[in-house]
Amino acid sequence: MSGPKTLYDKIWDAHLVDEAADGTCLLYIDRHLVHEVTSPQAFEGLRMTGRKVRAPGKTIAVPDHNVPTTQGRENPAQMPEESRIQVAALDKNAKDFGIHYYPVTDIRQGIVHIVGPEQGWTLPGMTVVCGDSHTATHGAFGALAHGIGTSEVEHVLATQTLIQKKSKNMKVEITGKLRPGVTAKDITLSVIGATGTAGGTGYVIEYCGEAIRDLSMEGRMTVCNMAIEGGARAGLIAPDEKTFEYVKGRPHAPKGAQWEAALAWWKTLYTDEGAHFDKVVTLKGEDIAPVVTWGTSPEDVLPITGVVPAPENFEGGKVEAARRSLEYMDLTPGQKLEDIQIDTVFIGSCTNGRIEDLRAAAAILKGKKIKDGMRAMVVPGSGLVRAQAEEEGLAQIFIDAGFEWRLAGCSMCLAMNPDQLSPGERCAATSNRNFEGRQGRGGRTHLMSPAMAAAAAVTGHLTDVRTMI
Amino acid sequence: MDKFTTLTGIAAPMPLVNIDTDMIIPKQFLKTIKRSGLGKNLFDEMRFTPDGAEIADFVLNQPAYRNAQIIVAGDNFGCGSSREHAPWALLDFGIRCVISTSFADIFFNNCFKNGILPIVLPQAAVDVLMEDARKGANARMTVDLEAQTVTTSDGQSFAFEVDPFRKHCLQNGLDDIGLTLEKVTAIDRFENSMDQSRPWV
Ligand code: SF4
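Protein chains in written order, with our numbering: chain A, 1 to 469; chain B, 1 to 201.
Check each hint, because a few of them may be wrong.
Pairs of lysine-lysine residues, derived as BS3-like cross-links and limited to a Cα-Cα distance of at most 25 Å, are as follows [stated by the list, open to error]:
(1) A:Lys166 with B:Lys167
(2) B:Lys167 with A:Lys165
(3) A:Lys267 with A:Lys255
(4) A:Lys177 with A:Lys92
(5) A:Lys52 with A:Lys92
(6) A:Lys52 with B:Lys167
(7) A:Lys284 with A:Lys242
(8) B:Lys34 with A:Lys92
(9) B:Lys183 with B:Lys167
(10) B:Lys34 with A:Lys165
(11) A:Lys248 with A:Lys267
(12) A:Lys242 with A:Lys5
(13) A:Lys95 with B:Lys34
(14) A:Lys168 with B:Lys3
(15) B:Lys183 with A:Lys52
(16) A:Lys166 with B:Lys34
(17) A:Lys242 with A:Lys255
(18) A:Lys168 with A:Lys267
(19) A:Lys279 with A:Lys168
(20) A:Lys166 with B:Lys40
To be clear, the hints were calculated from the coordinates, so they are not data collected in a lab.
The whole structure should be built from the sequences, with the hints applied where relevant.
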């Protein structure tokens, strides 16, 4: 392809192994991240066919979804039997197939999408896949990163490639500056609110604009993390000095002459002037408010100053979906969002479990206490994030405020481990999905930023964090 | 993987939009290390009360739809997590085809890897098929992959698109990995050139 290229085009072209006449492509995969839930059947497939892992050095495994986040968890007896079997299967598969592995006893263990960037496995211009939809996170580095199913996990293990068709390309531009109290989470939720959960289907999104450039790497990861919630195959942000600065010196980042060579190539990774996008969405940074979700789809987003909508405000199949959501969430149209009382606060996940997220929450909580009777927990995204937060004194702020200070893992983001909501319990969560039952059967989830979740912990209801800064 | 050629069966109507993979197979059932046996927990929280009793008005619990092989669904079916447990659960229950106006990307891919045909049709066609599905067990819908048509119980036919490569794999029950490994020299060549161009990877 000649003429101006998008960032997506450039990464795609650099990884194309083969293209069939009908446009079906074989794409080379630079990094394959593996966790315990979506991989056992793939390894079983390899064993059944006598196949090996083609590039064990490019394959990294870490248990995160099932693991308890309480002390003493290295004792397998702490885990329910089925979880224990799944984690044990990963232990064994990692050993048998010779791939990099971070067991729960390793301080580097954590949520796969936090560990990858932290260890320098994720680098600009790479193709990154994982059997997990939030692989989109790694797009923050200008890496083409997306989630795959277990059959594809097996395919990548065996061939280090993936059969792909090129997606369409969407540009999402956030112009100008964010207002105080507005964060990367508010950007990404607002984009989904504007485009809908199917708005990105068939697309790879490139996020750009001043407000995106101004974000830290942590913030950019938050934005890309939720590209999938907008239906997109992947989210991308062009690498820049902040990216290089973040990557430099990480354990698996290139060093010396290789660093220089890598850097020279990384600096060419941007969308050329005049390159074609199939769709363009623009939001003004100034217009974005701190938002929360009210329903059971991430597109059910409103500014915290809003009121619960009525099903009749929607069209088509969404009318019935909204009615069902309101019933499930036990909310009444017209009710002020700020009046919604909550029982639980969860700060963590691959969306908002990084150090900057903990700093933002701690800044609100400093010197304050959570509302009486509130259950609140912080689950750092990795053992290293946890250690850093302890060093910076953030852990003590959380503990003094009344939060539980947990070990790293997915925890209450999807409640495959013991951290769950009970039926009817209402949670302010910094994770990415508010689906029915996501955090436990009958549990009700409101998604928001870490600062907003911290504010809610203090007041006991959904709260506009701008009144507390 | 089982071949998919033609299918004549009962279609269950599920008009809800944004049916996500947490609904299709809730996370407590992801702890298996096998692909089989998930059908009994398909749509678990919609199908059963917490103590395991059937919820009578859920479509797959109605006598007419217990043996459904097709689902006609609202927009954006299969959104959410990448869990292949969703198509595994559908398949284990006996569903071989899902029809909607749109599907989430990863779910859509995962279907083809498991011999399930996801069909995208315009709203007007899905509306007609939804009505047909509502007629119950005596109304059988027919899906013909070779001809790329869906036909209602009363003979109304709709043409659908399907990627030629995926169609070929479905019709022949082909394993992607086997096909890709036929191109192993191209992969070798690519890796060798990468040692020069991007040695840090
Ligand atoms: S934190 Fe949540 S969204 Fe992220 S990988 Fe874990 S379960 Fe998935």
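Right, here's what the structure says about each hint:
no. : hint                   : result
1   : A:Lys166 with B:Lys167 : holds, 18 Å
2   : B:Lys167 with A:Lys165 : holds, 14 Å
3   : A:Lys267 with A:Lys255 : holds, 16 Å
4   : A:Lys177 with A:Lys92  : violated, 49 Å
5   : A:Lys52 with A:Lys92   : holds, 14 Å
6   : A:Lys52 with B:Lys167  : violated, 28 Å
7   : A:Lys284 with A:Lys242 : holds, 22 Å
8   : B:Lys34 with A:Lys92   : holds, 16 Å
9   : B:Lys183 with B:Lys167 : holds, 20 Å
10  : B:Lys34 with A:Lys165  : violated, 29 Å
11  : A:Lys248 with A:Lys267 : holds, 14 Å
12  : A:Lys242 with A:Lys5   : holds, 23 Å
13  : A:Lys95 with B:Lys34   : holds, 20 Å
14  : A:Lys168 with B:Lys3   : violated, 30 Å
15  : B:Lys183 with A:Lys52  : holds, 16 Å
16  : A:Lys166 with B:Lys34  : violated, 31 Å
17  : A:Lys242 with A:Lys255 : holds, 18 Å
18  : A:Lys168 with A:Lys267 : holds, 24 Å
19  : A:Lys279 with A:Lys168 : holds, 8 Å
20  : A:Lys166 with B:Lys40  : violated, 36 Å
The structure fails to meet hints 4, 6, 10, 14, 16, 20 from the earlier list, while all remaining hints are met.
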